Structure formats: structure tokens, C-alpha cells
Amino acid sequence: DAMVIQNPRYQVTQFGKPVTLSCSQTLNHNVMYWYQQKSSQAPKLLFHYYDKDFNNEADTPDNFQSRRPNTSFCFLDIRSPGLGDAAMYLCATSSGTTSVQYFGPGTRLTVT
Amino acid sequence: DQQVKQNSPSLSVQEGRISILNCDYTNSMFDYFLWYKKYPAEGPTFLISISSIKDKNEDGRFTVFLNKSAKHLSLHIVPSQPGDSAVYFCAASSFQGAQKLVFGQGTRLTINP
Numbered sequence: 021d022a023m024v025i026q027n028p029r030y031q032v033t034q035f036g037k038p039v040t041l042s043c044s045q046t047l048n049h050n051v052m053y054w055y056q057q058k059s060s061q062a063p064k065l066l067f068h069y070y071d072k073d074f075n076n077e078a079d080t081p082d083n084f085q086s087r088r089p090n091t092s093f094c095f096l097d098i099r100s101p102g103l104g105d106a107a108m109y110l111c112a113t114s115s116g117t118t119s120v121q122y123f124g125p126g127t128r129l130t131v132t
Numbered sequence: 005d006q007q008v009k010q011n012s013p014s015l016s017v018q019e020g021r022i023s024i025l026n027c028d029y030t031n032s033m034f035d036y037f038l039w040y041k042k043y044p045a046e047g048p049t050f051l052i053s054i055s056s057i058k059d060k061n062e063d064g065r066f067t068v069f070l071n072k073s074a075k076h077l078s079l080h081i082v083p084s085q086p087g088d089s090a091v092y093f094c095a096a097s098s099f100q101g102a103q104k105l106v107f108g109q110g111t112r113l114t115i116n117p
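Residue numbers (my numbering), protein chains in the order written: chain A, 21 to 132; chain B, 5 to 117.
Derived from the structure by calculation, the hints contain no laboratory data. Owing to the predicted nature of the structure, the values given are computational and were not obtained by experimental measurement. Glycine included, C-beta positions come from ideal geometry on N, C-alpha and C. Worth double-checking, as some hints may not be accurate.
No more than 20 Å apart at the CA atoms, straight line, and that leaves these computed lysine to aspartate or glutamate pairs for DMTMM-like [unchecked claim]:
no., chain 1, residue 1, chain 2, residue 2
1, B, K9, A, D71
2, A, K58, B, D35
3, B, K104, A, D71
Far from chain B, some chain A residues (derived; all Cβ distances over 10 Å) [to be verified]:
no., residue
4, P28
5, Q34
6, A78
7, F93
Please take these sequences and the hints and turn them into a complete structure.
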């Protein structure tokens, strides 16, 4: 089945230790998104790629970076995680011709 | 400034009855609205959508109603089933095909047997 895959599902990192979350998709979609979701809050868009075109949200901290080496893969790098970065990180894709986004299962990040 | 609001954090409904989830928005530029359903330990899955040119869209047990003048939409589930227990998010975009969605904070629906 075509899908959005996120690895790992659970990630524990130490305060200040860089961490990378990965997302892959078999939908061949043009657009890939990274969201941060904290408990009982709306998913918050961090950035998205339309093909190789990177779009950063104005309030996304510099601590968060992203890479999209090809259509299928997208990475979220957190350079120096703080305790406030503990959250669920959701990857999503869309075709670019519809607003419907397809989500992966998420990676729950714990910062110790 | 929260542009999409779901004011009820939780809702409990008896199995077989109607579930009504509500969503309000403030941005009059929003033109396309979506509902997502999320089970624990899974990502949100798309449920149903509606364009502002319509006031109702139906898909099986799920119907979404849009009241543009009130900037309000609702999701009706009838009859409610135990498998409908999940968190429901509404989302809005400026047009169908827009790349960005603005999400509400979700409503946890519990269906009681």
C-alpha cells in the first residue's frame, strides 16, 4: 500500500544532542510537510517542501532544519533539542493539486 | 491568534446516536475545509471535506455542514459506532489545492456502548 512512513516511532535524545527524524513516502507526492504537535494542541506546521522548494514558517525556530534529498525522503534535524521540543512530530504529503494531506504515524520525541 | 477553533475538547455519545462535532473559524479567506480523524499512536487520516460553494457534503455516515455567514462548520456522524472513538480535527485552507492547512486543536469523541 502506498503510504507515509516515519522512523523511528519513538526517539529519546538528551538535552542539546542533535537528532534526526526521517520520513519517506511511496505516494510520489510533490509536497512534504513537517508538523509539531504537543498534547491537546493543534498540529503546528514547521515547514514544507514543494519539490525542492523549501518553505519555512516565520515562527519556526532556527533550531529546526529540514532536508529533502529526493522526492521520497524528507528529514527533520533538531540541532540542539531543548525540553520544550518534546512533542509528536508528524510528516505529511500532498499531491500539490489538492489540499488533502496524508500523514505518517508520527515520531514521539522525548528530551531528557 | 487561533484561526480555527474547536471549543469542545471532548464529547461523549451513546452508541447509535448522533455525534456532532463543531468548528469555528475567524479568517474569511478560508475557502475549503477538511475533517481528520486520529487514533492513538497513528497519524491523522482524512475523513471528509467541503468547499465553500457548498453547504453540505455527505459520505456514508459522515456529513459536514458549512455555515459561511457564521464561519462555522460541523461534522455529523450517524449512527455513532464504537470505532468512531478518536480525536477529530477540523482544518481550513484558503482554496482547494492550497498547500497549507490550519488545524483546530481537536475534539476527543468517545462512543459509549
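Outcome of the hint check:
1. B:K9 - A:D71: violated, 31 Å
2. A:K58 - B:D35: Violated, because 27 Å separates the two Cα atoms, which is more than 20 Å.
3. B:K104 - A:D71: holds, 15 Å
4. P28: holds, 13 Å
5. Q34: The assertion about Q34 of chain A holds, with a minimum of 24 Å to chain B.
6. A78: Correct as stated: the minimum Cβ-Cβ distance to chain B is 12 Å, above 10 Å.
7. F93: Non-interface label on F93 of chain A holds, nearest chain B Cβ at 17 Å vs cutoff 10 Å.
Consistency note: the structure conflicts with the earlier hints numbered 1, 2.
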